[in-house]
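Novice: Assembly of the complex is requested from the two constituent chains, each provided in isolation within its own frame, with the hints serving as guidance.
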Amino acid sequence: MNVRVTTITPTGTADSYLADCWRRRELLWFFARRDLVVRYRQTLLGVAWVLIRPVLAMGVFGFLFGTVARLDSHGLPYPLLVLVGMLPWQFFASVLSEGAGSVAGNPALVTKVWFPRLLMPASGLLLNSADLLVNLGFLALVMGWYGIAPPWQAVFAPLSFLLIAMCALGAALWFSALTVRYRDVRALVPVLLQFGILATPVAFTIAALPNEWRWWAWLNPLAGPVEWLRWCLLPGTVMPGPKAMALSIAGATALLISGYWFFRRAESRFADVI
Amino acid sequence: MADEPDLPADLALRIRGLGKSYRINDAWLPGISIKDDITRLLTLRWLWARSGKRQFQALDSVDLDVRPGEVLGLVGGNGAGKSTLLKLLCRISPPSAGSIRYRGRVAAVLEVGTGFHPDLSGRENIYLNGAILGLRRTEINARFSDIVAFAEIGEFLDEPVKHYSSGMYVRLAFAIAAHLDPDILVIDEVLAVGDERFRAKCLAHVRERFRDRAVILVSHDVESLRSVCTRAVLLDHGRIVFDGAVAEAIARYRAAQG
Numbered sequence: 000m001n002v003r004v005t006t007i008t009p010t011g012t013a014d015s016y017l018a019d020c021w022r023r024r025e026l027l028w029f030f031a032r033r034d035l036v037v038r039y040r041q042t043l044l045g046v047a048w049v050l051i052r053p054v055l056a057m058g059v060f061g062f063l064f065g066t067v068a069r070l071d072s073h074g075l076p077y078p079l080l081v082l083v084g085m086l087p088w089q090f091f092a093s094v095l096s097e098g099a100g101s102v103a104g105n106p107a108l109v110t111k112v113w114f115p116r117l118l119m120p121a122s123g124l125l126l127n128s129a130d131l132l133v134n135l136g137f138l139a140l141v142m143g144w145y146g147i148a149p150p151w152q153a154v155f156a157p158l159s160f161l162l163i164a165m166c167a168l169g170a171a172l173w174f175s176a177l178t179v180r181y182r183d184v185r186a187l188v189p190v191l192l193q194f195g196i197l198a199t200p201v202a203f204t205i206a207a208l209p210n211e212w213r214w215w216a217w218l219n220p221l222a223g224p225v226e227w228l229r230w231c232l233l234p235g236t237v238m239p240g241p242k243a244m245a246l247s248i249a250g251a252t253a254l255l256i257s258g259y260w261f262f263r264r265a266e267s268r269f270a271d272v273i
Numbered sequence: 000m001a002d003e004p005d006l007p008a009d010l011a012l013r014i015r016g017l018g019k020s021y022r023i024n025d026a027w028l029p030g031i032s033i034k035d036d037i038t039r040l041l042t043l044r045w046l047w048a049r050s051g052k053r054q055f056q057a058l059d060s061v062d063l064d065v066r067p068g069e070v071l072g073l074v075g076g077n078g079a080g081k082s083t084l085l086k087l088l089c090r091i092s093p094p095s096a097g098s099i100r101y102r103g104r105v106a107a108v109l110e111v112g113t114g115f116h117p118d119l120s121g122r123e124n125i126y127l128n129g130a131i132l133g134l135r136r137t138e139i140n141a142r143f144s145d146i147v148a149f150a151e152i153g154e155f156l157d158e159p160v161k162h163y164s165s166g167m168y169v170r171l172a173f174a175i176a177a178h179l180d181p182d183i184l185v186i187d188e189v190l191a192v193g194d195e196r197f198r199a200k201c202l203a204h205v206r207e208r209f210r211d212r213a214v215i216l217v218s219h220d221v222e223s224l225r226s227v228c229t230r231a232v233l234l235d236h237g238r239i240v241f242d243g244a245v246a247e248a249i250a251r252y253r254a255a256q257g
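Residue numbers (numbering that gives the first Met the number 0), protein chains in the order written: chain Y, 0 to 273; chain X, 0 to 257.
So that you can see chain X by itself, here it is in the shape it has in the complex (with noise of 0.2 Å):
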């Protein structure tokens, strides 16, 4: 595959090629121990397994072009790749096959609250999601009195969080994510979370501040993909099936769930 050597300027992000495979079923696969690996190489059963290796494609050959300003919504099935294609982008997994390249810098919430510990205090976690999150302690101390008040947590700030209800955890952990302030931002599932009236809070939140940057999400709720994304891709068990207009990718979705 030739790659083009740049990024066109007016892309915030480009995929060509993309591919990712899994080994499936073969000798390779990781033992339980050492032992059981040295078993496998002295019994040769890994000449016979190379021969014979199945893959699974969970991606196959994307081609995607995202611009600033975009928000775009990945729907598919369970097993469409929707999450690996995430993942990759996301440097989390490597690609098989193809290449990404994006201008600036990615955030990735793949999960509420990844790295929170239950020990450490509201105020502690603030810190410690955000450097893991890719922030740095000057961005962090500048955006700490929005992130409290966006988590509405007031008093319990500097309590520790296993002592919060679950909804302050979501939202103290959305409140993070939330300002992270990439140039493109990668969500999975994460929008449904905490109550009615804090996801509309969040998908206004989304839909403000990325008006001239790339949210690339990923959603099962059809309802919050209508109402934020600029356009949608359908993912088939690896591939690009469609992509255009949010509402004939929800239709196209439907109809082939049946």
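Bound-form chain Y, shown alone (with noise of 0.2 Å):
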């Protein structure tokens, strides 16, 4: 029989929290499950969803960037420079507006039952994983199709998501519970990936940038995964320095670190708030 003691007094109760986390982690993966199936039951296309946003940015930003501009594309085509960098934008981009939402949107779960409620924004880690995994497959494709195979480098290649999802759960605990209290603040997140996309070397690299501008683009703390992941995959690219690696590490750490503190301060009055 269990006998542990839990004290519950106006501060909390004597468990850390993390703990709570990991004793409740199947949640993450039902949460996720039931993500996935209502994503998919009762749809038309299905699972091709996961390719239709990369496959159009492949198309519209290798014209635009490309074909129009003519940007340096460093003797690869253009639109597989533009693959690989929406794999980790969209892994970020989908973490975080779904993650916004996702404690705001379930108010019956807030009111009526208790577990961490930092499982709730996490859970878009794991679905999203699936869907970055399914991406890599069609990269592969892409790249066997124009006959490029990845450098060595390759082996590096987790660093990038490491610090993608990061960023991205960092993202998502500020939104979320910035969510519960400020409903417009959901309204947000599409205006922000929409100039996010923009603002980060998506579609183009930063090496094609002039000079001056190269360290502003660095410090958005997305620009470190996303030109690590294209050195690693694509031979011929440049490698992002240590510098600018650093700084991608400490924002993805202060966002995660600020993200989780911040949760935590809202948290205890979600169900009051709601």
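These aren't lab readings, by the way, just hints derived from the structure by calculation.
There could be a bad hint or two in this list.
Unchecked claim - Some chain X residues well away from chain Y (every beta-carbon gap over 12 Å; in silico): (1) V169; (2) S218; (3) T229; (4) R238; (5) D242.
Said to hold, decoys possible - Here are the simulated distance ranges between beta carbons: (6) L197/Y <-> S165/X: 27 to 37 Å; (7) P117/X <-> R24/Y: 19 to 29 Å; (8) H236/X <-> T10/Y: 40 to 50 Å.
The structure presented is a predicted model; accordingly, all values stated were derived computationally and were not measured.
Beta carbons: idealized from backbone N, C-alpha and C, even for Gly.
Specialist: Structure follows, in structure tokens:
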């Protein structure tokens, strides 16, 4: 029999929050499964939806930036540069936009049952990792079609996924907690993402920017993971410098820690405010 | 309030000096938008609001001990604090004062079918809802056939629950809740579900299954309280005004209602 004694006081319980999250970790999987089934049941295109955004981006950005603006493509087919940029970007954008409404969109869960609410925005990481794998498979097909093999540094690609996941979770924590209180914050997310895709080196490489603008681009914590993945997977692209990567790692860490701090501060009042 | 360091071994739950207050009509009440809150900040209305803020005391200095084997009924009119007490018990909302101490696991059924998704099948919802209510996957596996049998949904198990009749929906939801096997079960009004026969089955289940555990339930259905509870507490304006025999609590409650 379970004989653990729990004490609830105005400041919470003595249990560590992360230990609570770990104990209830299976919920991540069940939420992700629910969202997966709900996303594809009764749909016309089904799983093909995953590929629509990267394919459209490849076409549109490839034409605008590659064919019309003739930006530097490092000797590669321009659509390929865009496709690699889209993988981390789409992961970030989906985790953020699904996560932002994950708490406010489920008032019944928040007011009728307790579990660590962190699991709600975090479950998006799982489902969108599956999408990312599908997209990586598609990328392999496209690279094979162009006859381009990934260089040896492909083994370092996971660093990019780690950084993008930290940014995505950090941003999702900020926005999901804010959305519980301010419903209009949710409407801000698509606006941010619309401009964010242009402020992040998704459809261009930082090497194609004029020298004096490059540091501005690196200030965006998403720039590091995107450019890192490109260097890892596409031969001939420029390796991000150590200072640029240090900036990205610091930015991603700050975003995750501050998001966690803010979410935890807001969480105890979710049920009273929602 | 000096709290005892430990929970006496013969108790399942001890509540001391528990209070919950909500601020009402004050300028810090969540605004409609950020712009609203910024305007309030700039116009210094919050200074005035701080000094004159009104508090609504939903619960006030509640002391309560519950032993394993007790089925405790909470009685009281609307706004007496019954639901607030349950919410504090299962950590949905933090108390403003005092402490709650319990041994083992609390499972709360404040609503039938919390987290059910209409597009998921009965089978999928058993796992989702079970996990939301605090079960592990292995625990759900072990109880799965009992839950399905209790719910009497038969061949509809793999149908989306949006195609269920409301009776089937409620039976499935209650079947999951009935198989949580917590040390303390907290139930709000949900016994008023299903038809007469199913309700009797649920009450019998609670009586039998929780012989050595604690149950705390809220219901406006006096008859089910009388048949299942071993003790009752009457709440009025957030305070306990009576604690003892079920029949007397009900009598006092009816007298107060006029």
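Novice: All the hints need checking, so say for each whether the structure fits it.
Specialist: Against the structure, the hints come out as follows:
1. Non-interface call for V169/X relative to chain Y: holds, since the shortest CB-CB distance, roughly 15 Å, exceeds 12 Å.
2. Against the 12 Å criterion, S218/X stays outside the reach of chain Y, whose nearest CB is about 17 Å from its own CB.
3. The beta carbon of T229/X is kept farther than 12 Å from every beta carbon of chain Y, the shortest such distance being approximately 21 Å.
4. Consistency note on R238/X: stated as away from chain Y, and its beta-carbon is indeed over 12 Å from all of that chain's, at 19 Å minimum.
5. Annotated as non-interface, D242/X keeps its C-beta farther than 12 Å from every C-beta of chain Y; the closest such distance is 21 Å.
6. Distance hint for L197/Y and S165/X: a CB-CB separation of about 50 Å, inconsistent with the stated range 27 to 37 Å.
7. Between P117/X and R24/Y, the C-beta spacing of about 26 Å keeps the proposed range 19 to 29 Å intact.
8. Between H236/X and T10/Y the CB atoms are about 26 Å apart, so this pair departs from the stated range of 40 to 50 Å.
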